[in-house]
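Peer 1: The primary structure of each chain is shown beneath.
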Amino acid sequence: MLSGVTMLDLARFQFAMTTVFHFFFVPFSIGMGFIVSIMETLYVVKKDEVYKKMAQFWGKIYLLSFAVGVVTGLIQEFQFGMNWSDYSRFMGDIFGAPLAIEALLAFFMESTFIGLWMFTWNKFKPGLHCALVWISFIGSMLSAIWILTANAFMQHPVGYVIKNGKAQMASFWALIANKQLWASFPHVVIGAIVTASFVVIGMAAFGLLRKRDVNFHKKSMRVALWIALFASIAEIGAGDYQTQVEIHEQPMKFAATEGVYETTGDHAPWDIVANLNTKEHKNEGAISIPDVLTILTYHKTSGSIKGMNQINKELHAKYDKKFGKDMSYYVPVKTLFYSFRIMAGFGALFALLSILGLIWTRPKKNTIENKRWFLGILGISTFLPFVANTCGWFITELGRFPWTVYGLFTIADSISASTTTGELWFTNIMYFLIFSTLGAVMIYYCKRQLDMGVADTLERGAY
Amino acid sequence: MIDGIDFLQLLWFLLIGLLFMIFYFTEGFDYGVGMATKFLARNDQEKHLMMETIGPHWDGNEVWLITAGGAMFASFSDWYASLFSGYYILLFFTLFALIIRGVSFEFSAHAETEHGFRIWTGTLFWGSLLAPFFLTMMFGSLIQGVPIDAQGNMSLSFWNIVNPLSVVAGVAGVLLCLIHGINFLRLRIDDPELSERAASLNEKLYLVAYIGEVVFALLIFFQTDFFKLRPISSTIITLIIIALTAWSDIALIKNKQATAFVTSGLTLVAVVGLLFNGLFPRVLIATDPAHSLLIKTAANSKLTLEVMTIVALILLPIALAYIIWSYVVFRRRIKVTQNA
Chain A
1 MLSGVTMLDL
11 ARFQFAMTTV
21 FHFFFVPFSI
31 GMGFIVSIME
41 TLYVVKKDEV
51 YKKMAQFWGK
61 IYLLSFAVGV
71 VTGLIQEFQF
81 GMNWSDYSRF
91 MGDIFGAPLA
101 IEALLAFFME
111 STFIGLWMFT
121 WNKFKPGLHC
131 ALVWISFIGS
141 MLSAIWILTA
151 NAFMQHPVGY
161 VIKNGKAQMA
171 SFWALIANKQ
181 LWASFPHVVI
191 GAIVTASFVV
201 IGMAAFGLLR
211 KRDVNFHKKS
221 MRVALWIALF
231 ASIAEIGAGD
241 YQTQVEIHEQ
251 PMKFAATEGV
261 YETTGDHAPW
271 DIVANLNTKE
281 HKNEGAISIP
291 DVLTILTYHK
301 TSGSIKGMNQ
311 INKELHAKYD
321 KKFGKDMSYY
331 VPVKTLFYSF
341 RIMAGFGALF
351 ALLSILGLIW
361 TRPKKNTIEN
371 KRWFLGILGI
381 STFLPFVANT
391 CGWFITELGR
401 FPWTVYGLFT
411 IADSISASTT
421 TGELWFTNIM
431 YFLIFSTLGA
441 VMIYYCKRQL
451 DMGVADTLER
461 GAY
Chain B
464 MIDGIDFLQL
474 LWFLLIGLLF
484 MIFYFTEGFD
494 YGVGMATKFL
504 ARNDQEKHLM
514 METIGPHWDG
524 NEVWLITAGG
534 AMFASFSDWY
544 ASLFSGYYIL
554 LFFTLFALII
564 RGVSFEFSAH
574 AETEHGFRIW
584 TGTLFWGSLL
594 APFFLTMMFG
604 SLIQGVPIDA
614 QGNMSLSFWN
624 IVNPLSVVAG
634 VAGVLLCLIH
644 GINFLRLRID
654 DPELSERAAS
664 LNEKLYLVAY
674 IGEVVFALLI
684 FFQTDFFKLR
694 PISSTIITLI
704 IIALTAWSDI
714 ALIKNKQATA
724 FVTSGLTLVA
734 VVGLLFNGLF
744 PRVLIATDPA
754 HSLLIKTAAN
764 SKLTLEVMTI
774 VALILLPIAL
784 AYIIWSYVVF
794 RRRIKVTQNA
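Going down the list, the sequences are from chains A and B.
As numbered in the working numbering, residues 1 to 463 make up the first sequence, in order.
As numbered in the working numbering, residues 464 to 803 make up the second sequence, in order.
Hints are computed from structural coordinates only; laboratory data are not their basis.
As the structure is a computational prediction, the values presented were derived from the model and not from experiment.
It is possible that some hints are incorrect.
Claimed, not checked - Just some of the chain B residues that point at chain A, by a computed CB distance under 7 Å:
1) Ala-544
2) Phe-547
3) Phe-555
4) Phe-556
5) Leu-558
6) Ser-620
7) Trp-622
8) Asn-623
9) Pro-627
10) Pro-780
11) Ala-784
12) Tyr-785
To be verified - Simulated DEER-style distance windows between Cβ atoms:
13) A:Pro-332 - B:Ser-696: 52 to 58 Å
14) A:Lys-46 - B:Val-791: 44 to 50 Å
15) A:Lys-123 - B:Asn-718: 27 to 33 Å
16) B:Lys-765 - A:Pro-332: 48 to 54 Å
17) A:Tyr-298 - B:Trp-788: 49 to 55 Å
18) A:Leu-433 - B:Ile-787: 57 to 63 Å
19) A:Arg-448 - B:Trp-788: 30 to 36 Å
20) B:Lys-765 - A:Gly-285: 56 to 62 Å
21) B:Ile-773 - A:Lys-163: 28 to 34 Å
22) A:Gln-244 - B:Leu-692: 57 to 63 Å
23) A:Thr-437 - B:Ile-787: 35 to 41 Å
24) A:Thr-263 - B:Ala-753: 52 to 58 Å
Every residue gets a Cβ at the ideal spot worked out from N, C-alpha and C, and that includes glycine.
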């Protein structure tokens with residue numbers, strides 16, 4: 001075996017890999033649920049067959065993403081026990097409840113109603129049929145709420161007591177009322193809608209580039225562009241709101257996303273790129289815009305941002321008794337700094353692309369087909385939300401370093417004592433192979449569906 | 464309460480048992496149908512037909528397993544932590560099976576070539592076979608008592624996992640699911656010829672099942688403490704298992720399809736009942752009895768159990784209502800369609 005690679009590294013790698021992969025498909029399918037619901041609602045309201053075709057054609061993509069989302073999600077429930085059993089023992093009293101509620105409330109709802117929806121196009125009246133897809137979308141949103149309830153506790157523990165070395169629930173309402181939850185939920189769900197809209201926009205752009213089903217793809221694209229416009233603007237607000245919560249609750253995470261080592265003056269500049277020295281904890285020069293960081297942070301023109309070096313000292317003062325002097329409270333700064341720039345940059349790009357797209361697809365002055373360069377950009381942008389989502393999760397999860405449960409329980413303490421590095425190597429390699437295969441097949445079938453065209457795709461049945 | 468176990472602790476032990484029972488009853492038949500695609504179907508149309516009988520339901524059925532796991536995590540996190548980390552490899556194989564099976568429905572619907580369709584119906588078959596095998600094998604292994612240390616960590620040897628009882632349990636799980644799936648299939652299809660073929664396969668399978676159940680019972684008698692600890696109830700449940708199989712067998716011969724289906728499902732339920740009856744008042748049996756995980760010590764806090772009880776009382780009936788509705792919607796028998 002490769003020496004130096006510890007069980008902790010392997011377990012962390014596995015968690016990162018499996019959740020990132022799962023989180024490709026979760027936002028994709030939540031968002032597709034919304035878009036397909038809107039399309040079918042348009043069909044019910046306008047009674048125009050083209051919207052039914054849209055709901056069916058994109059519905060197939062929805063079902064694909066849902067299936068891969070489900071199977072990659074199975075691992076999540078199992079791996080807390082498999083790789084992180086000490087974490088499960090510590091956190092189970094709190095973590096288990098939201099997880100069980102997620103299954104009881106959300107998973108049954110999503111899976112039953114999506115099953116009903118896919119097989120009843122010819123059985124139910126349009127209105128009732130449309131309700132089914134809405135319910136499955138609502139189910140997936142509920143699922144997001146409950147898993148984020150668990151995650152919010154890990155980010156910002158509330159409503160608990162420590163008894164016999166374990167976290168015990170003291171108030172269920174406090175868990176649900178966690179500010180962290182209601183800051184991340186809109187960000188995640190709106191992000192999911194942005195993700196799926198750009199999948200539809202991008203795939204439709206590929207269709208237009210090949211001059212297939214031109215009217216269908218133009219119409220689909222316009223529906224998705226409207227959704228993308230509202231969602232990407234709302235996402236900027238949601239992201240900002242979450243940042244406001246982070247500043248108070250996880251200052252280290254926030255300072256790292258901005259690369260601030262030393263506490264700033266009242267007019268902090270915003271670094272576009274920075275030369276970060278993570279060994280000596282220094283920001284060694286940057287290209288920056290004056291004052292902007294202060295304005296972004298406090299929404300006013302004056303205010304200082306606490307730097308990581310000061311926060312590290314404060315955390316040492318607070319936690320040394322419990323975790324010892326040797327802990328490092330610095331998070332992976334470079335990863336957070338650049339993840340944030342990619343995520344936020346793409347977020348702004350999505351808003352811009354949807355505005356341009358809407359301008360160029362106006363019903364009468366329809367010029368998008370002639371702008372092949374723009375269609376090309378839209379095609380590429382199919383993949384960008386996935387990058388942005390992953391960056392977002394890097395910030396959320398790595399920014400909690402060195403804890404699994406903020407301030408209470410470290411990553412190093414969380415691991416299973418009974419697994420071996422051999423087992424972890426084996427499962428890591430297997431998961432990697434399975435996931436890359438699933439991802440490749442999924443992309444291939446999406447592409448094939450586009451190649452096949454609308455008529456042939458729907459000929460094969462609605463599911 | 465008994466042995467210092469609180470009411471809520473007992474309730475959640477029973478509920479987890481119930482969730483596994485419903486899981487085996489419902490996902491049991493769709494594993495069976497998944498396996499039957501290989502054993503019964505003569506062409507791709509018949510495979511399509513079989514898959515369509517479980518198409519709307521299989522995903523919801525799988526949620527019973529997720530709910531059972533989630534409930535275990537929520538109400539007995541020490542049990543969940545020890546079990547899942549201890550049976551690492553078996554659970555990985557179970558997951559693997561569930562993954563290749565879970566994507567098979569959508570992927571095979573998207574496959575354009577015969578070759579592609581073969582691959583994804585192949586993963587459906589293997590996934591449907593291996594998932595109940597590894598899962599039931601785990602149960603067959605853990606009831607014998609395994610090495611657990613004072614912290615609750617297991618250290619399983621190869622022979623703790625692979626032994627006569629665990630392998631027989633795995634095979635029996637697969638066999639009972641297959642029988643149950645074929646009974647479900649016969650209820651859902653309008654195809655006398657296929658139905659006849661299915662019935663004649665099942666008649667043979669019941670004979671194997673009787674032998675399997677007797678071997679299984681004997682191994683439990685010798686390899687576990689179930690019959691020493693609870694001789695009467697263990698004997699009664701064992702007899703019920705065999706009686707249910709016989710009932711199901713007779714119903715099949717008399718062509719009472721619904722009865723055959725319900726009783727084959729209840730056979731699986733009774734098997735889970737036997738295991739949970741024997742486990743009580745423990746949740747995991749250690750070779751050193753002092754290290755066994757007990758209901759009263761592995762249970763989570765009273766508040767968590769109360770919250771979970773209220774949640775389950777509200778949500779379970781609602782979920783059951785729409786799940787049952789979905790079976791009502793798809794109650795009509797289906798035929799092979801031309802464009803499938």
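Peer 1: Okay, which hints does this one fail, numbers in order?
Peer 2: Going through the list in order, the structure violates hints 4, 6, 7, 8, 9, 10, 11, 14, 16, 18, 21 and respects the others.
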